[in-house]
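Number of protein chains: 2
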Amino acid sequence: MTSINFDLRKAGPSDAFDLEAPIRACGLFSEEEAQGFIAMLPDLLNDPEQHWLRLDGPGGIVGAAYLSRDGMSADVWNLWFIGVAPEYRGKGGGRSMLTAAEAKVRDTGGRLLLIETSSDIAMAHARGLDESAGYEPQGCIRDYYRSGEDKIIFAKPL
Amino acid sequence: MTSINFDLRKAGPSDAFDLEAPIRACGLFSEEEAQGFIAMLPDLLNDPEQHWLRLDGPGGIVGAAYLSRDGMSADVWNLWFIGVAPEYRGKGGGRSMLTAAEAKVRDTGGRLLLIETSSDIAMAHARGLDESAGYEPQGCIRDYYRSGEDKIIFAKPL
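Chain order of the listed sequences is A and B. With the first sequence counted from 1, adding 43 to any position gets you this note's numbering. With the second sequence counted from 1, adding 43 to any position gets you this note's numbering.
Okay, chain A solo, but in the shape it has when bound (with noise of 0.2 Å):
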């Protein structure tokens, strides 16, 4: 594994542009769906109940994390989001986001954080975080994404 010097920190309303790269860069999502999320980005990055992570390379940002309280409950979070690029993968810069993610639910209170992802992609977010990290898959919807694309749930207790 490569060692970087990855520079990590919380980011706010002013890297609403920046974001943008890591969300395209990231794989997770069609062109559609990017653009999607990132009209959203102005509102999410204006929301102080959602948290969100920059991750930052020797040239600039490659990944991006946000998370926020799950539905309505108190101490259960959900990690909504989670991206590296594909070049960045591999050299410890999304273990540092998860870490960070975990440290601040377990700073609030929270007990729990979950990670939804689809069954196309699980496999891969298993093997570079979730599994290792000890999250542990707990539901399976069938079809949620499209069909025969079902949404893996993995939850880990904090």
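None of these hints come from the bench; they were simulated from the model. It is possible that some hints are incorrect.
[What the hints assert, rightly or not] So, partial list: chain B residues that the calculated Cβ filter (under 7 Å) puts toward chain A:
hint, residue
1, S162
2, I164
3, I184
4, Y187
5, G191
6, A198
7, L201
Being a predicted model, the structure only gives us computed values, none of them experimental. Glycine included, each C-beta is placed from N, C-alpha and C at the ideal position.
Using the hints, position chain B against chain A.
Chain B in isolation, oriented as in the chain A frame:
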């Protein structure tokens, strides 16, 4: 099964006060949870994306339900709440609301309806509505509500 003439109709902002009764009576919430839910009623009832139903018996309101799109999905819906006062259960009112909810989802091009419930009450839900109506448990998020109380996710393709 005693037959009752229920009246089922769409609910809106003017129903906020009436809806408090079935939210308190349905047995799904603690007093604190019921208060939190009731506090959100004005916002929920004014949001055109949240679809509410009220169920009336001979003497007034006895049940309610509401549903909306699940997350950012276009064609997956979530029946966030469905409740009937105990003395009016087993008389077809809950089933009527569920059928109306499914029709609403189909009418908007939805193809999957989720019902999430606590493991403490999952069997009651399942007996009363979910399993006989074609819902299947597809997830069990351990300790979601609190230690020992899981979230069960039922799903039905429409």
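Results of checking the hints against the structure:
| no. | hint | result |
| --- | --- | --- |
| 1 | S162 | violated (12 Å) |
| 2 | I164 | violated (16 Å) |
| 3 | I184 | holds (5 Å) |
| 4 | Y187 | holds (6 Å) |
| 5 | G191 | violated (12 Å) |
| 6 | A198 | holds (6 Å) |
| 7 | L201 | violated (11 Å) |
The structure does not agree with the numbered hints 1, 2, 5, 7 stated previously, though it agrees with the rest.
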